[in-house]
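Novice: The residues making up each chain are set out below.
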Amino acid sequence: MVIINGEEQNAAGLTVAEVLARGDYNAARVAVEKNGLLVPKREFGGAVVSDGDVLEIVAFFGGG
Amino acid sequence: MIPAKEEMLAALKERIGGDLLEKFQSSAAAVCGLGGLGSNIAVSLARAGVGRLFLYDFDDVDVTNLNRQQYKASQIGMSKADALRENLLEIAPYTEIISQKVKITEDNALPLLKDADVICEAFDKAESKAMLCNLVLEKLPEKYLVAASGLSGLGTGNSILTRRVSERFYICGDGESDVDTCGTLFAPRVCLCASHQALAALRILAGLYDV
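From first to last, the protein sequence lines stand for chains A and B. Residue 1 in the numbering used here is what sits at position 1 of the first sequence, and the numbering runs on without skipping anything. With positions in the second sequence counted from 1, the corresponding number in the numbering used here is that position plus 64.
Calculated from the structure, these hints are not laboratory results. Among the clues, some could well be false.
[Stated by the list, open to error] Taking lysine-lysine and the DSSO-like style, the derived pairs with C-alpha atoms no more than 30 Å apart in a straight line are:
no., chain 1, residue 1, chain 2, residue 2
1, B, K178, B, K189
2, A, K41, B, K165
3, A, K41, B, K207
[As the list claims (entries may be wrong)] Listed below are several chain A residues computed to face chain B (Cβ distance under 8 Å; list not exhaustive):
no., residue
4, A28
5, R29
6, V30
7, A31
8, E33
9, L38
10, P40
11, K41
12, E56
13, V58
14, F60
15, F61
16, G63
17, G64
Since this is a predicted model, take the numbers as computed values, not measurements. Where is the CB? At the ideal position from N, CA and C, for every residue including glycine.
Work out the full structure: start from the sequences and follow the hints.
Specialist: Dropping the structure here:
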């Protein structure tokens, strides 16, 4: 299992890009950290999440 | 009559104590975006005695800003960088303010942010927020970053929170409201989020890292 924003999800083997698509995130409006380290956007397509990984997806909404 | 620096510092010391005054005075914070979030964050940080503020925005004060931003009708047309500097120096005249009319991009951000201990993301567009946070987290991982997401509309203030995403990355807001869909921004809700950000920044400078 992968912990995504505090919730266990069955996402092992997916790339970050696939996790984002599955969660309906806009990849241009997020910051993603895996195990406390940023996953740069250019690596979304290649970075695979594994069992035990902790993923934090911060979605940005407009207004300031 | 503006009080002397010593008098203002003595008054602040009485209010917040010598240890924190020393910490804040020797600290530097950057505020990226000087709209509803950034102008209010900067006012809070200046009042608290943060010694050096880096303030960045590419925009000018517009009449539509006055419902929530720390500007005056007489300042319409001025750059926000200049107008906020002017206003802050009336509140906390001995603050060192480095303000610049500039659009922060991936290409120019690093030198603008390198001397800040804490960076406050206070942009309005979601893509700009994401750009800055991704850049700081990747290129300046030693910095503390306090960002905002979700502060529009007239929803309850009780949904505005501060979350510590990772060791040096904090995010404030309700995490869901978007001005593009709800269409409104109100001073108290924007200020709540700005205050969350300013408080998180002050707590970080004070060495209090939990939320």
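Novice: Run every hint past the structure and note whether it holds.
Specialist: Hint-by-hint comparison with the structure:
1. B/K178 with B/K189: 23 Å, holds
2. A/K41 with B/K165: 28 Å, holds
3. A/K41 with B/K207: Between A/K41 and B/K207 the Cα gap is close to 20 Å, so the pair holds against 30 Å.
4. A28: 5 Å, holds
5. R29: 4 Å, holds
6. V30: Interface hint status for A/V30: holds (6 Å vs cutoff 8 Å).
7. A31: 4 Å, holds
8. E33: 5 Å, holds
9. L38: At 4 Å from the nearest chain B Cβ, A/L38 passes the 8 Å test, so the hint holds.
10. P40: Cβ of A/P40 sits 6 Å from chain B, so the hint holds.
11. K41: 6 Å, holds
12. E56: 5 Å, holds
13. V58: 6 Å, holds
14. F60: 4 Å, holds
15. F61: Given a least distance of 4 Å, the restraint on A/F61 holds.
16. G63: 4 Å, holds
17. G64: 4 Å, holds
Comparing the model with each numbered hint stated earlier shows that all of them hold.
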